[in-house]
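The lines below spell out each chain.
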Amino acid sequence: MFIRMIIKVIARQRTKMLMIALTVALGSSLASAMLNVMLDVGDKVNRELKAYGANITVQPKGALLLSDLYGLDAAAAGVDAYLPASEAAKVKTIFWAYNVVDFTPLLSLQAETPSGREVAVTGAWFSHQQSLPTGEELQSGIDNLRSWWEIEGSWLVDGEDDGVMVGVTLAEELGLEVGDQITLSGLTGATTDDPADSGTADPAPAGTGTTDPASGTTDPAVSGDAGTAGTAATTTSGEATAVSAPTSRTLTVRAIITAGGDEDNQAFVTLACAQAISGKTGLATSIEVSALTTPDNDLARRAAQNPKSLSAKDYETWYCTAYASAICYQIEEAIPGVVAKPVRQVAASEGAILEKTQLLMLFITILSMVGAGLGISNLVSASVMERSAEIGLIKALGASDAAAAWLVLLSILLTGLAGGVLGYLAGLGFAQIIGLGVFGSQIAAAPLVIPLLAVLLVLVLLLGSLPALRSLLRLRPAEVLHGR
Amino acid sequence: MPSATPTTATPAATPASKPTSQALLQLDAVTKSYGDLDALRDISFAVQPGEWVSIMGPSGSGKTTLMNIIGCMDKPTSGSVLLSGQDISRESPRALTAIRRDHIGLVFQQFHLIAYLSALENVMVAQYYHSLVDEAEALQALERVGLAKRANHLPAQLSGGEQQRVCIARALINRPQLILADEPTGNLDEDNELKVMAILRELHDEGHTLIVVTHDPEVASAAQRTIILEHGHLKEIRNNQP
Ligand SMILES: Nc1ncnc2c1ncn2[C@@H]1O[C@H](COP(=O)(O)OP(=O)(O)OP(=O)(O)O)[C@@H](O)[C@H]1O
Ligand SMILES: [Mg+2]
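Protein chains in written order, with the numbering used here: chain A, 649 to 1132; chain B, 482 to 723.
Among these hints, one or two may not hold up.
[To be verified] Below, in silico cross-link-like pairs of lysine to any residue (SDA-like), each with a Cα-Cα straight-line distance of 20 Å or less:
no., chain 1, residue 1, chain 2, residue 2
1, A, K709, A, Y977
2, B, K556, A, L1121
3, B, K556, B, H712
4, A, K656, B, A596
5, B, K556, A, Y977
6, A, K656, B, Y609
The set of hints was computed from the structure by calculation and includes no laboratory data. Predicted, not measured: the structure shown is a model, and the values here were computed from it.
Required output: the full structure, derived from the provided sequences and hints.
Following this line, the structure appears as structure tokens:
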């Protein structure tokens, strides 16, 4: 009987119910599209970024092996943790030199403020002008690799060795503002904090595609063990390198950086400055390279494991294609004693932007639900008004408040859920349109969206019906039935 | 036939003279005020089981107000209303709903049928909220009021008289002790009025207790007693000669 009544109510008020269903469908199509895209977008952005270019970290072989395989600190273990900064230019001599968009040597070190606060400092090139071995003039530096940083003040420039850029968190903690002075003293000995970790939370805008300097797994940077590092003096390019005791420098804050990640807690100086503070003349802990690459395919993956396993023809194809692995291989050829690795966890760098994108989608989802809720609220009120005589009557016939409310609610819920199913399906369509239009690939329907949407819908329907239900409960049969 | 109630005319202001324990309904000094206005003032009377009482009075005299109070849809401002010995003037709305459901059948002047349900389903709604739906029984009730052939028509497809009879079928489907009808013939032509009156008479003969509000002296005279209200006062209780 109850079901019969519900069905007939819906049929009776079909225009209103249709409106309710449509409102819900609209809201839930948006929500389902956004939720599906949101849950799938991580993959999408990854692929997107890989298509733009890989980021390659070049590190001394010893450092990488030890830390990667055994989790040891390279410098502490007495293994070469440094490479000559001048080697960096060689990445422009490889077969795919033209695809190398930007690069900089990085020197990570640990320093201390006069108050004893340890600070992770990274030295890098800033708009570094250089003549390449090929005779070409080129400007490169971290300012291009971190173009998304928000800067209050101005970027350091090449040769500005008395300047420092301070991450916003660190600046707040130390009470620094642009123009202030800060003294940094290089520390010796192994450190606890790995400044090279910085990149793991960098918000890289899709196009920039840069990643962290020394993929967080390594910890090569900061040993003050001068003796071991000193061996790096055998530089192929002949530039002088030397290791001496760390020193202090008083630097002027040129800019406050908002990077949205660990870098907010670091300081950035010119490479020369970092070398002076750490006493590592002419050295770097890694080289970061941004290159345009061809997305990996099967061949690239096989080659990445072992290029020697390829047939001569495959090898040639691979070598002459701008795969990230081919570029890495060529960098290793060009610079002896290093390991070049594409940074695998691309997700790290765009984590933040992903989060923001997803937050935006969440907002849209919530807004569409709120909108649907408001619409539903009006429609349900109108529906209940129209049915007030009927509701008064069933109350007079002995229906409890709960039974009367249930009668109304269930018809709304059923209608709403029907609309929700419709909207969900439409939302899948929207998601595909967004996927193809924005990310150039299909969006997989995430099963999680269904229960999520169902819960959201029920909530919205209940909340939307609440005002009407309240007036329904206040409805007194005597008043409705006797035509007052 | 338990209709042999003493038929003394009771003056308005005096309390019900004989609060017999077996009275089905016992009103005592019932007053209902809407702000300054007393829709009912100091009403007292008793209705015995099986009795047929009609209530008359000019428009605005408080007839519907009185029916609402007896029908557990409203509470008096003061005074007590005993239904089968239970004081319904002190019950919670929830309890009143239950009493109304279990003991009272309501017939409305405007029929109040659910427009999207068939005649049969309208009767079944009352069953549903009372206990269990029994289609055969519902059909029987319609048959009683001569509407078996119209069971599957929607209210809009029925004449006013037919709708009123559906309404009566619905009122009696749960075998209530007390049937309250507020102007059951008010909207009907003479022909339909006669049919409805015949049904009421039948119900009375079966032992149902009836309270019927009406403007029509002829309808009123079918009852054993007529309670006449005026401006919320009980003006007189008249015994009708059979
Ligand atoms: N909810 C209310 N609020 C205020 N006044 C009310 C309310 N209900 C009834 N009244 C007033 O109480 C008085 C009695 O109303 P009631 O409906 O009982 O009259 P009635 O005898 O049924 O009249 P009619 O024959 O026209 O149906 C009227 O003056 C009416 O205006
Ligand atoms: Mg009335």
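Straight-line alpha-carbon gap B/K556 to B/H712, limit 20 Å: Holds - the C-alpha atoms of B/H712 and B/K556 are around 19 Å apart, at most 20 Å.
Hinted pair B/K556 and A/L1121, Cα distance within 20 Å: holds (17 Å)
Given hint A/Y977 paired with A/K709 - CA-CA distance at most 20 Å: Holds, at roughly 13 Å.
Pair hint A/K656 and B/Y609, alpha-carbon separation not exceeding 20 Å: holds (15 Å)
Satisfaction of hint between B/A596 and A/K656, Cα-Cα up to 20 Å: holds (10 Å)
Distance restraint between B/K556 and A/Y977, which requires alpha-carbon spacing of 20 Å or less: violated (92 Å)
Going down the numbered hints, you'll see the structure goes against just number 5.
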